[in-house]
Amino acid sequence: MALLSVENVTKRYGKTVAVDDVTFEAQPGRILGLLGPNGAGKTSTIRMITYITVPDEGQILFEDRPVGPWSQEQMGYLPEERGLYKKLKVGEQLLYLAELKGLARSTAKERIRYWLDRFDATEWHDMKTEELSKGMQQKVQFIATILPEPRLVILDEPFSGLDPINSSLLKDIVLELKEDGRTILFASHRMEQVEQLCDDICLMSNGKIVLNGALRAIKKRFGKDSILMEFDGDDAFLDALEAEGTIRVTNRSLHRAELRLLDGTPGRRVLEAALAHVDDLYRFQLTEPPMSEIFVSVVGEDAREQLSTDGAPAVAAA
Amino acid sequence: MSKIWIILKSEFLRRVTSKWFIIITLLAPVLLVALLFIPGLVTVIASGGDETTVAVIDETGVLLPRLQAEAGDDFTFTASELSQEALRDSVMAGAVDGYLYLPPQVLDGEGGATYYSAEGGGLSFGMRLTRTVSDAVEQERLQAQQVPDEVLQIIETNVDVDLVKLTEEGEEEDATLAYTIVGYVMGFFIYMSVFIYGAIVMQGVIEEKTSRVVEVVVSSVRPFQLLMGKVLGIGAMGLVQLITWAALIGVGMTFAGTIMALFLNPADLGLSADASQQAMLEAADITIPSVPPGLFIWFILFFLGGYLLYASLYAAIGSAVEQQQDAQTLQLPIALLVIVPILFIGFIVESPNSTLSVVMSLIPFFAPILMIVRVAVTDVAFWQVGLSYLLLIGTFIGSIWISSRIYRIGILMYGKKPSLKDLAKWVRYA
Chain F
1 MALLSVENVT
11 KRYGKTVAVD
21 DVTFEAQPGR
31 ILGLLGPNGA
41 GKTSTIRMIT
51 YITVPDEGQI
61 LFEDRPVGPW
71 SQEQMGYLPE
81 ERGLYKKLKV
91 GEQLLYLAEL
101 KGLARSTAKE
111 RIRYWLDRFD
121 ATEWHDMKTE
131 ELSKGMQQKV
141 QFIATILPEP
151 RLVILDEPFS
161 GLDPINSSLL
171 KDIVLELKED
181 GRTILFASHR
191 MEQVEQLCDD
201 ICLMSNGKIV
211 LNGALRAIKK
221 RFGKDSILME
231 FDGDDAFLDA
241 LEAEGTIRVT
251 NRSLHRAELR
261 LLDGTPGRRV
271 LEAALAHVDD
281 LYRFQLTEPP
291 MSEIFVSVVG
301 EDAREQLSTD
311 GAPAVAAA
Chain X
319 MSKIWIILKS
329 EFLRRVTSKW
339 FIIITLLAPV
349 LLVALLFIPG
359 LVTVIASGGD
369 ETTVAVIDET
379 GVLLPRLQAE
389 AGDDFTFTAS
399 ELSQEALRDS
409 VMAGAVDGYL
419 YLPPQVLDGE
429 GGATYYSAEG
439 GGLSFGMRLT
449 RTVSDAVEQE
459 RLQAQQVPDE
469 VLQIIETNVD
479 VDLVKLTEEG
489 EEEDATLAYT
499 IVGYVMGFFI
509 YMSVFIYGAI
519 VMQGVIEEKT
529 SRVVEVVVSS
539 VRPFQLLMGK
549 VLGIGAMGLV
559 QLITWAALIG
569 VGMTFAGTIM
579 ALFLNPADLG
589 LSADASQQAM
599 LEAADITIPS
609 VPPGLFIWFI
619 LFFLGGYLLY
629 ASLYAAIGSA
639 VEQQQDAQTL
649 QLPIALLVIV
659 PILFIGFIVE
669 SPNSTLSVVM
679 SLIPFFAPIL
689 MIVRVAVTDV
699 AFWQVGLSYL
709 LLIGTFIGSI
719 WISSRIYRIG
729 ILMYGKKPSL
739 KDLAKWVRYA
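In order, the protein sequence lines correspond to chains F and X. My numbering puts the first residue of the first sequence at 1, with every later residue one more than the last. My numbering puts the first residue of the second sequence at 319, with every later residue one more than the last.
Hints may contain errors.
Label pairs and their computed distance ranges (CB to CB) [as the list claims (entries may be wrong)]:
1. F:Q27 <-> X:L344: 21 to 27 Å
2. X:Q643 <-> F:R190: 47 to 53 Å
3. X:L353 <-> F:V54: 36 to 42 Å
4. X:G716 <-> F:D172: 26 to 32 Å
5. X:Q643 <-> F:R283: 56 to 62 Å
6. F:S133 <-> X:L353: 57 to 63 Å
7. F:K86 <-> X:A346: 22 to 28 Å
8. F:R65 <-> X:G712: 32 to 38 Å
9. X:G716 <-> F:S167: 48 to 54 Å
10. X:A346 <-> F:R65: 49 to 55 Å
11. X:Q643 <-> F:V54: 28 to 34 Å
Mimicking DSSO-like on lysine-lysine, the simulated pairs with C-alpha atoms at most 27 Å apart in a straight line are [to be verified]:
12. F:K15 <-> X:K734
13. X:K735 <-> F:K15
14. F:K219 <-> F:K171
15. X:K735 <-> F:K86
16. F:K128 <-> F:K87
Derived coverage of chain F by chain X (criterion: at least 3 residues anywhere in the stretch with Cβ under 8 Å from a Cβ of chain X; other residues may be distant) [unchecked claim]:
17. 64 to 77
18. 261 to 267
Everything labelled a hint here was simulated from the structure, so no lab data went into it. From the three backbone atoms N, C-alpha and C, an ideal C-beta is built for every residue, glycine too.
From just these sequences and the hints, can you work out the full model?
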């Protein structure tokens with residue numbers, strides 16, 4: 001039985017269709033990645049799941065019951081646009097937000113102590129929120145999200161603005177939550193950041209679901225048509241191959257390149273070219289394409305543009 | 319319901335424990351009293367400390383001693399043998415403040431006296447001088463006619479007219495002026511509080527929206543609960559402030575008599591030196607109004623009703639914008655609704671029972687200010703107050719419904735600045 005099922009949900013704002021007949025499920029104890037470029041309809045979908053807005057058509061079930069105020073207490077939501085009460089002390093803030101989720105004061109206080117300790121932030125308890133740095137505030141908000149021990153944890157762009165140390169701390173805790181039997185819904189346009197964490201994937205584009213299923217199955221379906229290589233020396237041979245139309249370079253830096261084989265080009269064709277040109281080759285791996293490449297394959301070459309623009313989020317509509 | 323309570327409590331405690339709240343709550347009455355009494359005090363000090371020396375050219379030959387007897391603390395009249403030209407010079411030189419010229423005809427009731435000074439003197443100075451001179455002339459002329467003492471006494475008698483108000487419970491001492499003041503104060507207080515507390519509600523909504531914390535909150539509670547909790551929490555803060563002030567004013571009133579009595583001299587009032595404070599205040603015609611409990615209860619009720627009605631509208635407007643300045647145009651219609659009753663207060667005080675007054679005080683948007691003024695200055699039939707309050711509450715329910723529909727859309731809407739038309743559209747959204 002799915003913990004959460006979104007069934008044929010449509011949401012319009014005026015004339016624009018933000019979410020168009022979307023259907024997917026979140027299985028208990030698994031991590032679901034809701035991926036897609038900005039403006040794909042991820043946040044609109046999440047707002048309906050969290051009962052902030054209601055669908056124009058279709059329905060959303062949590063444990064087979066339509067979502068409502070009751071289900072809000074079972075969900076923890078970290079919105080993409082972070083925000084806290086600036087003037088409140090961290091302890092008061094966490095207590096207030098936990099009480100709004102229906103938590104008893106005494107329980108909340110205990111957990112606040114535990115989590116602040118866990119994040120090495122005990123001394124923040126009596127500090128005003130506005131005195132904390134951005135990164136510290138992010139941690140506070142993450143604590144606020146998981147403090148009520150929600151059954152479904154919804155994290156919208158959880159890694160944006162986090163440094164590598166905090167990113168890996170967050171990943172550890174997410175995996176711990178999963179271990180603990182909680183269901184996690186990630187939403188992100190930075191697919192490479194979350195795909196390794198996800199069990200299931202739901203790709204969205206222009207309000208529609210374009211691909212949906214278990215990560216492993218999807219990766220398998222697209223096969224190993226990508227190459228990851230690390231080397232020293234001249235990389236002009238890549239341009240030559242690309243000009244021939246046999247490969248497309250998807251990611252490239254000084255000593256590293258990711259590329260996709262086109263039209264059934266065999267991997268050894270690239271290997272031979274590389275050996276002929278580079279000084280040293282450390283790594284050459286035939287691999288599955290990254291999720292962003294799969295997204296492009298499904299939606300079409302036009303989508304590449306959408307993915308690379310990491311601009312301002314679309315105007316958040318109610 | 320419990321969610322509304324949690325929000326109410328948090329909003330309330332957050333505010334009443336702030337340094338500013340405590341300072342303003344305790345200091346406002348002090349400032350108010352200062353504001354009311356300083357001008358009076360300044361006048362007293364200014365006139366009392368500044369005796370005017372007046373040289374008198376008395377061509378009647380008899381008025382000067384009478385003037386000196388009447389002079390009191392304000393004037394010192396001195397005889398002068400100098401010519402007008404010489405006196406002019408000494409006025410300009412500052413040797414005397416001014417000189418008074420009394421021609422012989424003043425005793426015949428023809429012509430008047432003339433006062434020459436460098437500064438002119440001012441309105442109240444002129445009145446005091448006129449009174450002093452008139453009294454002296456009057457006494458001199460009466461004596462010249464050999465009016466017997468009995469007649470003089472009759473002329474000096476003043477008849478006080480006591481105003482007594484008839485009520486259902488019998489008669490009571492009328493204190494029209496005092497209750498007019500009470501009415502004005504209460505009306506203005508509600509007017510001010512609608513603006514100030516309304517602005518606090520709006521500010522709170524804007525802060526929650528721009529800090530983006532609102533999205534987390536509405537993933538836990540319904541927008542309506544958030545709106546109500548906020549409005550009620552700030553309302554509770556206002557109520558605490560109001561009751562604190564009322565208590566402080568009550569204490570002030572209790573001691574006001576004692577304080578005023580300190581400034582009164584029993585002998586001046588024709589009372590014996592050991593006269594009671596009560597007797598002195600009565601003789602001095604000072605009434606310290608006591609606010610009847612019924613009026614105070616209606617005041618609290620209309621304060622709450624008016625606050626709720628307007629605060630819900632201010633919250634809706636706050637939800638639609640991202641900063642205070644953008645709210646200007648949207649809040650104009652509300653501000654007009656609050657200002658209209660202020661224009662009518664004067665009329666209501668003059669004729670509290672006219673048809674226009676009754677109608678105006680029944681209109682829900684005006685009722686919080688105008689009905690309380692009427693209740694203060696006259697006996698309003700219970701059905702009128704009751705009906706007015708019911709209409710007010712009914713309108714509040716309607717306005718909170720509309721506001722919550724605007725609010726739930728507005729708090730998540732960023733970017734474009736909406737117009738009133740947009741707000742109307744949001745109300746109709748599903």
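How the hints compare with the structure:
no.	hint	verdict
1	F:Q27 <-> X:L344: 21 to 27 Å	60 Å, violated
2	X:Q643 <-> F:R190: 47 to 53 Å	36 Å, violated
3	X:L353 <-> F:V54: 36 to 42 Å	53 Å, violated
4	X:G716 <-> F:D172: 26 to 32 Å	53 Å, violated
5	X:Q643 <-> F:R283: 56 to 62 Å	58 Å, holds
6	F:S133 <-> X:L353: 57 to 63 Å	46 Å, violated
7	F:K86 <-> X:A346: 22 to 28 Å	27 Å, holds
8	F:R65 <-> X:G712: 32 to 38 Å	36 Å, holds
9	X:G716 <-> F:S167: 48 to 54 Å	50 Å, holds
10	X:A346 <-> F:R65: 49 to 55 Å	52 Å, holds
11	X:Q643 <-> F:V54: 28 to 34 Å	33 Å, holds
12	F:K15 <-> X:K734	17 Å, holds
13	X:K735 <-> F:K15	19 Å, holds
14	F:K219 <-> F:K171	22 Å, holds
15	X:K735 <-> F:K86	24 Å, holds
16	F:K128 <-> F:K87	6 Å, holds
17	64 to 77	holds (count 5)
18	261 to 267	violated (count 0)
Taken one by one, the earlier hints fail for this structure at numbers 1, 2, 3, 4, 6, 18, listed in ascending order.
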